[in-house]
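Colleague: Assemble the whole structure, with the sequences as input and the hints as a guide.
Each protein sequence line maps, in turn, to chains X and Y.
Our numbering applies: residue 7 is where the first sequence begins, and numbers increase by one.
Our numbering applies: residue 54 is where the second sequence begins, and numbers increase by one.
Honestly, the hints are just simulated from the structure, not real lab data.
Glycine included, C-beta positions come from ideal geometry on N, C-alpha and C.
Some clues are possibly wrong.
Estimated spans, in silico, between C-beta atoms of each pair [unchecked claim]:
#1 319(Y) / 43(X): 47 to 53 Å
#2 333(Y) / 238(X): 57 to 63 Å
#3 420(Y) / 258(X): 22 to 28 Å
#4 43(X) / 489(Y): 51 to 57 Å
#5 412(Y) / 52(X): 53 to 59 Å
#6 420(Y) / 80(X): 48 to 54 Å
#7 208(X) / 412(Y): 31 to 37 Å
#8 319(Y) / 338(X): 16 to 22 Å
#9 261(X) / 504(Y): 39 to 45 Å
Residue-level listing of the chains:
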Amino acid sequence: MRTLIPNLRRPALSLAAAGAAGLIAVFSLGQPAAAIDIQVVPIIDEVDAWLVEDHTNPLITLKFGFEGGSRWDEPGKEGTTSLAFGSLNEGAGEMNAETFLGLLQDEAVSMAGSAGFKWSTVSFQTPTASIDFAFDQLETMLTDPAFDPEGVERMRRDALAGAAQRARAPGAQLGEAFFDALWGEDDPRNRKFSGDLETIPAITQADLFAVKDRIIGRNNVIIAAVGDITPDELRRRVAPILARLPEATPPDDLAPPAFARFEAPVAIDFDQTQTIVYAVAPAFPRTDPDNYAARVVSHILGAGGLSSRLSERVRNQLGLVYGINSSYSGRADYGSVSFNFATANEAADDALDATLEVWRDFAENGPTAEEVEEAIAYLTGSYANYFLNSNDVVDYVLSIQIQDLSPDFPEFRNDLFRAVTLEDAQRTAQRLYSEELRYGLVGRPTAFSPDE
Amino acid sequence: MNKLLLTFAGALASLVALPAGALYEQARWMTLDNGMDVIVIENHRAPAVHARVAYKVGALDEQPGTYGIAHVLEHMMFRGAPPLNGKGLAPGEYDATLDRIGADSNASTSANLTSYYAWFGSEHLETFLVLNAILMNGLDADADQLENEKGVVLQEYRQRWENSPAARAAHFLRADLRGVAAYDHPIIGIKEDFEALTPADLLDFHQTWYHPNNAVLIVAGDVVPEEVFALAEQHFGGFAAVPVPARVRPDAERPFEADFETVTDALITQPSARRAWRLPEVVAETGVEAFRVRYAARLLSSMLTSGLDAPFTRYLQTERQIALGAGFSLVLDEGQDWAILSVEPVEGQDPVAVLDEAEDFLRNWLENDLTTERLERQKRRFVNGLVYAADSIDGPATSFESVVATNGDYGVFLTLEDTINSMTIDDIRAVAELFLDQASVPKTLVLGPLEE
Numbered sequence: 007m008r009t010l011i012p013n014l015r016r017p018a019l020s021l022a023a024a025g026a027a028g029l030i031a032v033f034s035l036g037q038p039a040a041a042i043d044i045q046v047v048p049i050i051d052e053v054d055a056w057l058v059e060d061h062t063n064p065l066i067t068l069k070f071g072f073e074g075g076s077r078w079d080e081p082g083k084e085g086t087t088s089l090a091f092g093s094l095n096e097g098a099g100e101m102n103a104e105t106f107l108g109l110l111q112d113e114a115v116s117m118a119g120s121a122g123f124k125w126s127t128v129s130f131q132t133p134t135a136s137i138d139f140a141f142d143q144l145e146t147m148l149t150d151p152a153f154d155p156e157g158v159e160r161m162r163r164d165a166l167a168g169a170a171q172r173a174r175a176p177g178a179q180l181g182e183a184f185f186d187a188l189w190g191e192d193d194p195r196n197r198k199f200s201g202d203l204e205t206i207p208a209i210t211q212a213d214l215f216a217v218k219d220r221i222i223g224r225n226n227v228i229i230a231a232v233g234d235i236t237p238d239e240l241r242r243r244v245a246p247i248l249a250r251l252p253e254a255t256p257p258d259d260l261a262p263p264a265f266a267r268f269e270a271p272v273a274i275d276f277d278q279t280q281t282i283v284y285a286v287a288p289a290f291p292r293t294d295p296d297n298y299a300a301r302v303v304s305h306i307l308g309a310g311g312l313s314s315r316l317s318e319r320v321r322n323q324l325g326l327v328y329g330i331n332s333s334y335s336g337r338a339d340y341g342s343v344s345f346n347f348a349t350a351n352e353a354a355d356d357a358l359d360a361t362l363e364v365w366r367d368f369a370e371n372g373p374t375a376e377e378v379e380e381a382i383a384y385l386t387g388s389y390a391n392y393f394l395n396s397n398d399v400v401d402y403v404l405s406i407q408i409q410d411l412s413p414d415f416p417e418f419r420n421d422l423f424r425a426v427t428l429e430d431a432q433r434t435a436q437r438l439y440s441e442e443l444r445y446g447l448v449g450r451p452t453a454f455s456p457d458e
Numbered sequence: 054m055n056k057l058l059l060t061f062a063g064a065l066a067s068l069v070a071l072p073a074g075a076l077y078e079q080a081r082w083m084t085l086d087n088g089m090d091v092i093v094i095e096n097h098r099a100p101a102v103h104a105r106v107a108y109k110v111g112a113l114d115e116q117p118g119t120y121g122i123a124h125v126l127e128h129m130m131f132r133g134a135p136p137l138n139g140k141g142l143a144p145g146e147y148d149a150t151l152d153r154i155g156a157d158s159n160a161s162t163s164a165n166l167t168s169y170y171a172w173f174g175s176e177h178l179e180t181f182l183v184l185n186a187i188l189m190n191g192l193d194a195d196a197d198q199l200e201n202e203k204g205v206v207l208q209e210y211r212q213r214w215e216n217s218p219a220a221r222a223a224h225f226l227r228a229d230l231r232g233v234a235a236y237d238h239p240i241i242g243i244k245e246d247f248e249a250l251t252p253a254d255l256l257d258f259h260q261t262w263y264h265p266n267n268a269v270l271i272v273a274g275d276v277v278p279e280e281v282f283a284l285a286e287q288h289f290g291g292f293a294a295v296p297v298p299a300r301v302r303p304d305a306e307r308p309f310e311a312d313f314e315t316v317t318d319a320l321i322t323q324p325s326a327r328r329a330w331r332l333p334e335v336v337a338e339t340g341v342e343a344f345r346v347r348y349a350a351r352l353l354s355s356m357l358t359s360g361l362d363a364p365f366t367r368y369l370q371t372e373r374q375i376a377l378g379a380g381f382s383l384v385l386d387e388g389q390d391w392a393i394l395s396v397e398p399v400e401g402q403d404p405v406a407v408l409d410e411a412e413d414f415l416r417n418w419l420e421n422d423l424t425t426e427r428l429e430r431q432k433r434r435f436v437n438g439l440v441y442a443a444d445s446i447d448g449p450a451t452s453f454e455s456v457v458a459t460n461g462d463y464g465v466f467l468t469l470e471d472t473i474n475s476m477t478i479d480d481i482r483a484v485a486e487l488f489l490d491q492a493s494v495p496k497t498l499v500l501g502p503l504e505e
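Modeller: Here is the structure:
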């Protein structure tokens with residue numbers, strides 16, 4: 007036996023007994039985990055930051071969301087917003103990229119942009135010890151980014167490599183062909199947000215500055231903060247930065263997409279031993295009253311990992327797949343349900359049959375009372391796992407704001423799940439899983455016939 | 054996500070993977086009478102816990118003809134277990150029980166370890182412990198369940214091995230470096246071997262290795278150490294210590310020969326190249342001395358590659374513009390002593406030419422430009438970044454587990470900051486000279502997509 011240096015003596019028996027007695031009985035459902043406490047901190051007129059104050063570790067994490075994103079890329083210049091946000095920290099003020107990023111790294115400070123379809127973000131993290139330096143640099147980066155040509159060219163080479171990689175990846179090819187067929191090639195959602203080998207070289211430095219002026223504004227911003235900072239200090243640090251930002255151009259709204267019917271699965275022929283199968287059907291948006299019931303039934307059918315109905319049948323009982331998942335995705339104005347798995351080429355049809363049998367039975371008969379109860383127990387109990395580190399917390403707080411939920415949402419979020427009844431769940435299963443599925447696949451299945 | 058961000062985030066991540074100053078006083082450990090180690094890392098940032106039970110057994114402990122058994126056993130642990138204290142587990146009940154408390158859970162098998170872990174609300178620790186005590190006690194190894202699970206593992210084998218040429222090539226390169234026939238098989242095993250496993254094989258493997266003296270419990274998060282120790286004693290203290298086979302990690306048996314290999318495959322979407330050298334074994338395998346040498350190697354690697362202003366990055370990405378990224382790592386672990394240089398060439402660049410140029414630069418830099426100034430800057434960055442480690446509930450748990458894997462001493466984390474601060478340029482030069490003066494002939498591996 008190797009030896010350890012114990013820094014604590016083995017606990018005495020009395021301590022063991024006391025510890026055990028103080029704990030909740032095994033296999034009980036226990037207490038609901040406490041939610042995070044969000045403070046609304048007014049920063050400037052009409053802009054609040056949502057703060058989760060926590061002084062246990064000397065670290066401050068912020069995330070800014072700016073409404074505006076890749077869907078504004080001009081045709082022929084797809085990838086512009088992505089390159090602009092990716093290059094946002096390529097120098098600031100008088101500093102070139104190397105100097106700026108080197109200084110940040112010296113102080114263990116990070117700040118960077120990331121483009122999204124509708125919302126783009128800027129993340130920021132600093133040890134409390136570097137707070138003055140860090141907020142100064144943040145102000146410079148947001149108001150006066152350099153888009154240092156040397157740095158931008160490096161980012162462009164990365165973007166081109168990514169585009170070349172996507173062009174070769176069968177999974178990416180399927181995604182592109184599938185959604186072109188589903189929503190039409192002209193749907194703005196089907197634009198190549200990261201650009202391709204033609205569009206990336208066409209992006210100029212002026213285009214990047216234009217993105218910054220259009221998106222990084224004080225009238226389209228939301229802010230999440232967590233960590234070692236008080237509301238007053240947060241206001242004092244962030245208000246001067248926002249005051250220097252321009253008025254951004256508000257984005258126009260997109261109509262929800264129309265889901266086309268497929269005559270046949272979208273298939274990408276590819277020489278490998280497995281077939282990867284993907285299927286999608288339209289569903290209601292998250293604003294639907296059955297939104298929470300949808301998350302419950304989705305968990306039961308296939309979002310719930312190894313215990314889900316699909317995993318139980320297709321993996322555990324039949325051994326046809328390593329993993330099978332389904333999910334419900336609810337956006338503000340439309341939604342979808344989907345499933346995916348990978349199986350042996352010669353088993354593709356069997357795995358599909360088994361999947362559809364479970365899917366259709368679930369649509370028809372819905373979940374049992376016990377399944378609903380267990381799913382709610384999981385969905386409420388796992389809420390604590392949303393908050394394991396600062397980045398997770400700011401992402402979550404930002405997502406609450408984007409969804410137009412209230413800052414006290416974490417206090418009653420679990421109640422919304424607990425309110426879902428068996429009747430709600432059964433109605434919702436029928437609503438969600440009765441729509442026609444559209445299929446896509448990569449591989450060389452010996453047979454694949456969804457309609458039989 | 055762009056490359057620079059990844060590089061920068063990666064630099065931080067390599068720091069974040071370590072327990073930090075604030076955590077030093079909060080990590081406590083003890084050994085139960087039966088030899089089971091219990092490590093507790095207190096962190097109250099959220100009402101959540103990450104817990105792991107790791108057994109010191111992995112793919113390297115398998116006997117010829119049974120390659121893959123450690124991993125198949127990991128799968129079968131969830132397919133039924135006999136009663137302990139009147140409570141057994143039906144197939145799937147482990148996962149279903151954790152689902153009911155809102156836990157996210159998984160398990161993994163590596164070369165040296167098999168781990169069972171979960172994230173859950175802090176009130177549920179005992180449930181996790183009860184379940185894992187049942188697993189330590191035994192498994193059913195039902196024949197029908199096993200046949201089924203082999204199908205699941207076969208699909209995993211296809212996903213991770215058969216259809217992953219890059220993973221296969223990287224494995225064979227490491228196997229050549231290691232140079233021990235018994236370790237040539239991948240962690241997931243040999244198909245013919247794992248398909249032939251019987252219930253008796255699995256029971257035997259479990260009875261050989263799954264004992265308290267060969268296990269470590271790690272609990273991180275919202276807990277009180279004394280309570281965890283008491284619970285560990287209550288649920289695992291009843292198991293008797295049983296001697297396990299000595300784990301031998303022999304040094305290389307085969308010479309390492311100069312070689313050049315090119316793998317092209319439609320499944321490879323990103324061209325890359327790497328060159329590897331075997332190094333002589335010069336350090337004690339365990340304890341503080343080995344830890345210090347490993348950190349000297351790590352510091353050397355981050356001095357060279359971490360950040361845009363690091364010499365390697367600056368030369369290859371900014372000056373020469375021939376690579377998207379490059380790495381140089383020195384592995385100095387038990388039975389593994391080697392150096393690997395890797396590059397991702399810019400689209401259109403010849404991978405081997407990029408590799409050659411990178412190697413020339415590397416040798417010249419190690420011989421002539423290894424400066425105290427650069428080392429001191431890297432040390433400052435490292436120490437400043439330690440605050441990030443205390444931000445995450447689960448990160449420190451996996452760091453401690455990594456020391457378990459190399460049979461190290463948990464105490465090294467308590468003195469990590471001192472270890473870094475005390476590092477001199479001579480420590481770094483000693484590691485550099487290992488490579489410059491004593492490395493073997495090189496082996497080169499080029500991975501590329503199929504040419505169209």
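Colleague: Work down the list of hints and note, for each, if the structure agrees.
Modeller: To see whether the hints hold, each was checked on the structure:
1. 319(Y) / 43(X): 47 to 53 Å: Given about 52 Å between the Cβ atoms, the range holds.
2. 333(Y) / 238(X): 57 to 63 Å: holds, 59 Å
3. 420(Y) / 258(X): 22 to 28 Å: Violated - the Cβ-Cβ distance for residue 420(Y) and residue 258(X), about 60 Å, lies outside 22 to 28 Å.
4. 43(X) / 489(Y): 51 to 57 Å: For residue 489(Y) against residue 43(X), whose Cβ atoms are near 56 Å apart, the range 51 to 57 Å holds.
5. 412(Y) / 52(X): 53 to 59 Å: Given range 53 to 59 Å: holds, Cβ gap about 57 Å.
6. 420(Y) / 80(X): 48 to 54 Å: This hint holds: roughly 50 Å between Cβ atoms.
7. 208(X) / 412(Y): 31 to 37 Å: holds, 36 Å
8. 319(Y) / 338(X): 16 to 22 Å: Once the Cβ atoms are compared, 39 Å apart, the range 16 to 22 Å for residue 338(X) and residue 319(Y) is violated.
9. 261(X) / 504(Y): 39 to 45 Å: Since the Cβ atoms of residue 261(X) and residue 504(Y) sit about 43 Å apart, the hinted range of 39 to 45 Å holds.
Hints 3, 8 from the earlier list are contradicted by this structure; the remaining hints agree with it.
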